[in-house]
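Residue strings, one per chain:
2 protein chains.
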Amino acid sequence: MPAANDMPLTPLGFLARAAEIHPDKTAVVDGESRIGYGALWLRVRRLASALVAAGVSPGDRVAVLAPNSGAMIEAHFGVPLAGAVLTAINLRLEPASVAFILRHSGARLLIVDGDCSALALAALSQLEVRPTVIEAAERPSMGAPSYEAFLAAGNPDFAGRWPDNEREPIALNYTSGTTGDPKGAVYTHRGAYLNALGNIINFGLDPATVYLWTLPMFHCNGWTFPWAVTAVGGTHICVRRFDANRVLALIAEHQVSHLCGAPVILNMLAEAARRDSVHFGHPVRIATGGAPPPSAVIAAMAAIGCQITHLYGLTETYGPATLCLPQSDWSTLSKEQRAQRMARQGVRHVAMGGLKVIDPVKRSELPCDGESVGEILLRGNTIMDGYFDNPDATAAAFRDGWFNTGDLAVRHPDGYVEIKDRSKDIIISGGENISSIEIEEVLYRHPAVLEAAVVARPDPRWGETPCAFVRLRDDAAPTSAADLIAWCRQHLAGFKVPKTVLFGDLPKTATGKIQKFLLRAQANAPE
Amino acid sequence: MPAANDMPLTPLGFLARAAEIHPDKTAVVDGESRIGYGALWLRVRRLASALVAAGVSPGDRVAVLAPNSGAMIEAHFGVPLAGAVLTAINLRLEPASVAFILRHSGARLLIVDGDCSALALAALSQLEVRPTVIEAAERPSMGAPSYEAFLAAGNPDFAGRWPDNEREPIALNYTSGTTGDPKGAVYTHRGAYLNALGNIINFGLDPATVYLWTLPMFHCNGWTFPWAVTAVGGTHICVRRFDANRVLALIAEHQVSHLCGAPVILNMLAEAARRDSVHFGHPVRIATGGAPPPSAVIAAMAAIGCQITHLYGLTETYGPATLCLPQSDWSTLSKEQRAQRMARQGVRHVAMGGLKVIDPVKRSELPCDGESVGEILLRGNTIMDGYFDNPDATAAAFRDGWFNTGDLAVRHPDGYVEIKDRSKDIIISGGENISSIEIEEVLYRHPAVLEAAVVARPDPRWGETPCAFVRLRDDAAPTSAADLIAWCRQHLAGFKVPKTVLFGDLPKTATGKIQKFLLRAQANAPE
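If you read the protein sequences in the order shown, they are chains A and E. Last residue of the first sequence? That's 527 in my numbering, and every number before it is there in order. Last residue of the second sequence? That's 527 in my numbering, and every number before it is there in order.
Keep in mind the hints are simulated off the structure, nothing from the lab. Cβ atoms here follow ideal geometry from the backbone N, Cα and C, with glycine treated the same way. A few of these clues could be false.
The calculated label-pair distances, taken between Cβ atoms and stated as ranges, are [unchecked claim]:
1. Leu-121(A) - Gln-307(E): 51 to 57 angstroms
2. Asp-400(E) - Lys-420(A): 54 to 60 angstroms
3. Asp-164(A) - Gln-307(E): 36 to 42 angstroms
Computed cross-link-like contacts, BS3-like style, restricted to lysine-lysine with a CA-CA straight-line distance of at most 25 angstroms [stated by the list, open to error]:
4. Lys-25(A) - Lys-356(E)
5. Lys-516(A) - Lys-499(A)
6. Lys-499(E) - Lys-516(E)
7. Lys-335(A) - Lys-25(E)
8. Lys-356(E) - Lys-356(A)
9. Lys-25(A) - Lys-335(E)
10. Lys-420(A) - Lys-335(A)
11. Lys-356(A) - Lys-420(A)
12. Lys-499(E) - Lys-420(E)
13. Lys-420(A) - Lys-516(A)
14. Lys-362(A) - Lys-516(A)
15. Lys-508(A) - Lys-420(A)
Using the sequences and the hints given, assemble the complete structure.
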């Protein structure tokens, strides 16, 4: 029994409380299906007990390959209620990456949504040891037990395996980092609880909240919003596949009050709204991140009744670490000046303990002058526990008692940070992180390629796209940009394929290191 | 250095962050004085360093006797930043109780506001060992060093003694309990942090919040609002002495968005507003507690543009433990039905871990039938650490792994609790807790009194007032109600003096215990 005055912090209590207070209120809308908090809690307890019955032990990883859906919400509570660690996998990855994550995490069980069965089968075929598979689909096609039958055999009165210690892991989220291999960021019950409370406060959630799921829940556990929205007893509206017109219709139909999405999503929404002259009769708050929202997008969203909050964070920070909190005097600025301010990554949120920008060489804190570029360092309870089974990467990330983000920024005199570059060469395209090194490795495997370097290129639609610079072998057979793009398409997920391939010598330092900053300048130059 | 991903939870970080993000924004308004968050943080660091220089060691208690004021806000941060424990004392107590608290807490230092110097001198004169005294007054009269000089000698760059462990004490709050001697509830950094975040979420605080201090900060550290309002970077408006007309003027002048107060305070506000036909042009949210708000008060507040949130809690629960969260279908109820619902104590807030109502004898959970009366039990991280230097009272309060509130309630089918009685015989008058036993002890000391029992009597203005039942000695000199009231006035603070004294035999059980429930029925009966 926990002490009367000291209980482990855990998001599990959010659902138990919502079921107690709002048993009949709609918790989740997924297509035609609707479920109240009382019934959701019973399904989650069935799921947890079924996982335990299937042999899932405390600390085991349970993977999920699913779009935003009722089952995905249930997994965010049911998996930890079984004492297990939720590993939600990006369904846009290629089978080899999915297989890597299943192998590296050692997932004991995999829940697959019907929309992801082909990807799951392809990934599973590459594994020597396969997890137990459960398929959540109206018409199962994988030959695996069905999710509904699995739940039906579970016990709705299961008390659950609640964490004894709030620092136990709740989730494992794989990110592409400086190397091609994904790294698994471990989230704890404590961190998830605190980040969820921080999100409620950042984003003004309350019991009247109707939250639309455009942000994938497999990204940093949807920035911890599955837990945050449940904590206030709000309603989750699931969107399985983004379609701007469908989303606009859902916003109106359900009186959606809040949603999160990358700027590219906002751009498509604004475009569709402009086409159909949509204006919402109620206020809609939108949080965006992954890239700064362009001023045109902010203006377009405001025109249809939306208010933008700009968040910044990483997989390692449970999603949001900072927010661009509007200052009262910004209302006196011109529209352009205000949009410039709003494009900044801003200040740490209430649950993040510290932020500084340091000289990458001297490691000393830089002045808030808006000019000195350095690395953003963060610390606090909403920083991951570490990378799973990867002590070297963990030690490198936690240098000097701070989490080293690898993002390069200036800090303005008002203390707001603004990212200038990414030292880890991550390309962010349509909200997805792409490792340039992973693409380079594929290019290097092509018989005609001598050298390859990939950098981000600004793109009005996707934010950034990969731009490859290639030097061919002198004796190579004739090779075109289209040939290399086709080659990449064979070996990489579609969103990782370079949109541009340029040929020539690659600039190098005296020690032979490719000077990416020069390539970046070239990629940024107007054609 | 704290770990990158694990920092002790503490409200101290709220002020450090507000100073970073909102350095020029008004933090505190106290009369004509205004201070921004940047300057407040420097004064708090000065205060902490001056306390350390004055010999305050980690864990020492620092007492404050002050109305709502800038110095009181500063003490909420500066005392814990010195590693010490804030002991804010109720300035409505009589000198003997203040002396008891100073003695029992072993306060090393006492900060006295000029408005409380007479009370402080009277209390200090009863002490064998006296704390160092600092006087915060424009015209000091105690012969003690002045608060401003004390701060001026402090170091504004002091880094502070941050807690190594979030379970270290931050505050000590004395409450009257079942016995006449106050008990000191110990608050931790962790509990204060979590309750403050819970309050932000309960009460919808955000950076635009302007919070008016009618609730005394010496009550449960103002229900943790000094920390909560600072966490969002809101503005504190201090009210040193409640005056309805002045408060109405301040609400309009500062566009106050939030305030807390006992129903008696709301009643006076509504009365004054009605007299002067006040209606606020902006929404004002009011949280009330200590007693259920009468429906007439709810209606009167709504009429002038205020929205009521009903909270319930105890000193032992950092103030609010539950809130009467409105359900969406309440909007279809009649005004009377809605007011009845809003008078319930409601459901646990997001940071409170558990609530149940148990049979006081069998100790088993009672059904949610709206009829079975039992004791409210609570547990979670926002329950006090224990009673200071009082292991017996602590053990009694923490029986069976829950905090035993002593409050008797029913639980309705919707899970909402409604208090029916107080097993500890506390009388709540104008938001102040009064121990009936303390009054009885004074009455018993009168030469003419044979037996005395005090119960609460409903009062339209004060919520409750003490009603004394007395059996005089057969040989007593003629003694009137007025005589006994005058006697009590000599020995008790004004608010504790019985408003009614009734003479006669006292009903008793077979074992000789006075049957207070019968007296209560008599006191409740219309005259």
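Going through the hints against the structure:
1. Leu-121(A) - Gln-307(E): 51 to 57 angstroms: Holds: the Cβ-Cβ distance is about 55 angstroms, inside 51 to 57 angstroms.
2. Asp-400(E) - Lys-420(A): 54 to 60 angstroms: holds, 58 angstroms
3. Asp-164(A) - Gln-307(E): 36 to 42 angstroms: holds, 41 angstroms
4. Lys-25(A) - Lys-356(E): Given pair Lys-25(A), Lys-356(E) holds - Cα atoms ~22 angstroms apart, limit 25 angstroms.
5. Lys-516(A) - Lys-499(A): holds, 18 angstroms
6. Lys-499(E) - Lys-516(E): Satisfied, since the Cα-Cα distance of roughly 18 angstroms is no more than 25 angstroms.
7. Lys-335(A) - Lys-25(E): holds, 23 angstroms
8. Lys-356(E) - Lys-356(A): violated, 45 angstroms
9. Lys-25(A) - Lys-335(E): holds, 23 angstroms
10. Lys-420(A) - Lys-335(A): Cα-Cα ~22 angstroms, so holds.
11. Lys-356(A) - Lys-420(A): The given pair, whose Cα atoms are some 15 angstroms apart, holds under the 25 angstroms limit.
12. Lys-499(E) - Lys-420(E): holds, 22 angstroms
13. Lys-420(A) - Lys-516(A): OK: Lys-420(A) and Lys-516(A) at ~15 angstroms, within 25 angstroms.
14. Lys-362(A) - Lys-516(A): holds, 22 angstroms
15. Lys-508(A) - Lys-420(A): holds, 22 angstroms
Of the numbered hints listed earlier, the single one contradicted by the structure is hint 8.
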